[in-house]
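**Student:** Now for the letters of each chain:
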Amino acid sequence: MQIRLKDLKKSYGSLHAVNGISLSIPSNLIYGIIGKSGAGKSTLVRLISLLEKPDAGEVHFDEVRVDNLTKEELIRRRRRVGMIFQNFNLFSSRNAAQNVAYPLEIIGTPKAEIAARVAELLELVGLADRGKAPISTLSGGQKQRVAIARALACNPDILFCDEATSALDPQTTHSILSLLKEIQRKMGLTIVMITHQMEVVRDVCDRVAVLDDGRVVEEGPVTDIFAKPKSDVTKEFLSHLVGTDASSEEQMVQWSSKSGAYILRFRGETTDQPILSQITRETGIDFNIRAGGVQKVGGEVEIGTLIVDIQGSEEEQENVVARLREFGVHVEKEERP
Amino acid sequence: MSAKILLLIWNSTLQTLSMVFFSTLFSLVLGLPLGVLLFATGEEEQGGIIPMPLLNSVLSRIVNVLRSFPFIILMILLFPLSRLLIGTSIGTTATIVPLSIAAAPFVARIIETALKEVDPGVVQAARAMGSTNFQIVRKVLIPEAMPSLVSGVALTIINLIGYSAMAGAIGGGGLGDLAIRYGYQRFRGDIMLVAVIVILVLVEIVQIAGNRLSARLLARR
Ligand SMILES: Nc1ncnc2c1ncn2[C@@H]1O[C@H](COP(=O)(O)OP(=O)(O)OP(=O)(O)O)[C@@H](O)[C@H]1O
Ligand SMILES: [Mg+2]
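If you read the sequences in order, they're chains A and B.
Numbering that gives the first Met the number 0 applies: residue 0 is where the first sequence begins, and numbers increase by one.
Numbering that gives the first Met the number 0 applies: residue 0 is where the second sequence begins, and numbers increase by one.
It is worth saying that the hints were derived from the structure and are not from the lab.
Careful, some of the hints might be misleading.
Sample of chain B residues lacking proximity to chain A, with all beta carbon distances greater than 12 angstroms (derived) [to be verified]:
no.: 1; residue: R60
no.: 2; residue: P79
no.: 3; residue: V117
no.: 4; residue: V122
no.: 5; residue: S130
no.: 6; residue: Q134
no.: 7; residue: I207
Quick list of in silico lysine to aspartate or glutamate cross-link-like pairs, EDC-like style, CA-CA up to 20 angstroms [to be verified]:
no.: 8; chain 1: B; residue 1: K138; chain 2: A; residue 2: E218
no.: 9; chain 1: A; residue 1: K185; chain 2: A; residue 2: D168
no.: 10; chain 1: A; residue 1: K332; chain 2: A; residue 2: E313
no.: 11; chain 1: A; residue 1: K52; chain 2: B; residue 2: E203
no.: 12; chain 1: A; residue 1: K180; chain 2: A; residue 2: D212
no.: 13; chain 1: A; residue 1: K70; chain 2: B; residue 2: D118
no.: 14; chain 1: A; residue 1: K180; chain 2: A; residue 2: D211
no.: 15; chain 1: A; residue 1: K185; chain 2: A; residue 2: E119
no.: 16; chain 1: A; residue 1: K52; chain 2: B; residue 2: D189
no.: 17; chain 1: A; residue 1: K52; chain 2: B; residue 2: E116
no.: 18; chain 1: A; residue 1: K131; chain 2: A; residue 2: D156
no.: 19; chain 1: B; residue 1: K138; chain 2: A; residue 2: E104
By construction, the Cβ of each residue, glycine as well, lies at the ideal position given by its N, Cα and C atoms.
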């Protein structure tokens, strides 16, 4: 389902939390909304998910205007919209399966049908055997999986995720994002992903809007935003990005099984020198660069990271490593099973 | 102590139990909706689902006034109501009326406080899923607050045991009545003592049972 926002506004007192936002969110993709703390992301998502009414402007789901619905229409509409939260917001008085059953219960689904659907949903999120588990016994990632299953119970057209991975560690974040991506493809729904992490945008979003001070400062396909960012806010978000993180490394192919994989870290002035080509000229040994990037650490020191394969025999590799160390490069051999 | 006196104590205990049971029941019937209303009409930041500031402050005032009213005076003021509802203002059944009304505002506050402890995020999630206000109260707020509600009801029962003993002073029946008529007016210190001990034991049983039940509900989460 396509969402269109027309000049949306919402103020709290004199604070313009959402200050004239117009957006078109196409259907059947993952749409990111990124912004710093206080940029108005949560307020915007409360307006689009019909939890609050805007002061001005319009919200359209496909061709239907939904910001001025009556109370009954509003409740019916909300039942076709899924939502997951940073703090999961699960019912502690219910176990995992009963949480997933809740949205079905409130629309009066027959008991047998609920049981079947809940089993199916728990299976989908990989928690088929944890239905009876009390919420407090689940890990953060498992809680978010239950929340996802609950949000999908009534076959929504849209799924809103407000900082859905912010309370999770990197590995768990990765697995939840993969799950959301898989679900998006399987069910063909529109996912609106609110976040302050560029990694999330990079890893799963198709399009993104950058929010600052209640306004959209940039919007477009994620690849465009990464290749040629326009606004300062976007550039700042990109500068925090880690070049070589574990999740992307797993997918990289090694050049050959004979060559060793190494992580090279450069500090300060060494990032400017063409060390690798110099060593290749000297030794005749080739490098295959698989990933790399330069990051500012602690605001001033530049750290370059390269993941390379060094071709050649053990001995030749050792020579190259020794030479690299002479240049002040920190070399780590990557352990691969 | 003779069998006759033991029977007397037994009957008084049963009277107290029936007074406490029914007044707990009726004070819950009155106090539960009032407590839910107090919570629901409260400020949105505090979890109010249908904020109505004026109604909320009026209700809050009424509850405060009733709660600070001395029970004995309230009871005397409510004699006419007892007479209207029960046909008499003396005796166990008649005492249930002022007891219930005196405890209702207390129950309302306890329920309001318990509901305020529920995570507002959970209520927001329920709203986002398209719950009606009634569904939020019945299927979310009350189950989520159940351990606190159980402790609150135990406290209400304990208070009512105390009030029901006081009601004995103006012809309410039960253990308080026994203690005054025999212990005080007929100088039977032993009967007074037994009555007091039975009251203490009742309070202790309710306290322990309440704590256990509440803890068991929490442990299951
Ligand atoms: N209910 C409210 N009452 C008053 N002010 C609010 C309310 N909700 C949000 N605000 C204010 O509106 C601004 C935007 O808040 P919002 O929660 O939308 O930001 P956000 O982008 O989601 O930030 P975060 O990343 O910290 O969640 C903030 O300055 C916030 O203090
Ligand atoms: Mg937020």
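**Student:** Which earlier hints turn out false for this structure, listed by number in ascending order?
**Tutor:** Violated: hints 3, 4, 5, 6, 8, 9, 11, 12, 13, 14, 16, 17 and 18.
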